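Trainee: Here is how the chains run, residue by residue.
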Amino acid sequence: MPPHRGGGDGPDRDPAPHRPPLDNVRLAMLFLICSEVMFFGGLVSAFLVLRVTAAVWPPPLQPRLPVGVTAVNTLVLLGSSVAMAAALQALRRGDARALVRRLGLAAGLGSVFLLVQGYEWARLVRFGLTLSSDAYGTTFYTLIGAHAVHVLGALVWVAVVALLAARGRFTDGRTGALRACAIYWHFVVALWPALFLAVYLV
Amino acid sequence: MRAPGLVAFLLVLAPRSAHACATCIASPFGDRTYTWPYLGLIVLPFLLLAAAFGIFAHSAGYRPHLLAHRLAARFWAKDDSLIIKETT
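In order, the protein sequence lines correspond to chains A and B. All residue numbers for the first sequence refer to my numbering, where the first residue is 771 and numbers rise by one. All residue numbers for the second sequence refer to my numbering, where the first residue is -19 and numbers rise by one.
Honestly, the hints are just simulated from the structure, not real lab data. What you are looking at is a predicted structure, and each value in this text was computed from that prediction instead of being measured. Check the hints yourself; a few may be wrong.
Said to hold, decoys possible - Partial chain A-side listing against chain B, Cβ under 8 Å, derived:
| # | residue |
| --- | --- |
| 1 | 791 |
| 2 | 792 |
| 3 | 795 |
| 4 | 802 |
| 5 | 804 |
| 6 | 807 |
| 7 | 808 |
| 8 | 811 |
| 9 | 812 |
| 10 | 815 |
Just so it is clear, CB atoms sit at the ideal spot from N, CA and C, and this is done for glycine as well.
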């Protein structure tokens, strides 16, 4: 006989099982994202304080940032978020093959974003904008580099989740890891337009 | 502890110096930084708290239009339809 839960008289009189309004995955990701927003808020504030204080921006003899290429790269990253949303739709339909394919597409677009960023960074370094050139370079590489590290971490996460999905991991209904990964990926993607606006366009 | 107290006492006795000290950051470049970046950083935790509470409330089933209906029902009691109102 299974043990009764809740101290009722019997199964038909037991209280309904307690269901929290927010499941553990979403709660954990909410806390993580709040801390990440504060982290990036501090970095963006530091960048903008220097930006507002400077009489000339960019500082003399420093290269201008590549706005056009980065704008296209922003669209690539937004496309990866769309692919991730499509992957979750495939998960809800129970289509495992489409899930793996769309996770791969999201990871691929994220990789393209990182590669283009790395290429642009290499060009900027050649033009003289380095981490130690001045406060402009320091804050730029710290802020954009922090985001790139986050994208890289999320990319590894998506790759692991895609591998697990290819082995049929999430078809049994236990989708917590995949949902957490999707939330984090959407956050990392949504953060980038704000950084692009603050660093490249303002 | 005695030195800060002594300085504070002297500043109270010399309000002009105290005022000058408080405004020394208002140099032509000093005060320009105290704008949106600082205010944004100050406001950000409160915005995050509001967003978190909003997500909790939404997950618990609260919706803005339902709350508005409840408040409206509480503060504007319905008239009985059998009451004939004089309109002139």
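Trainee: Against the earlier hints, flag every one the structure doesn't satisfy and list their numbers going up.
Mentor: Of the numbered hints given earlier, those the structure breaks are 3 and 4, listed in rising order.
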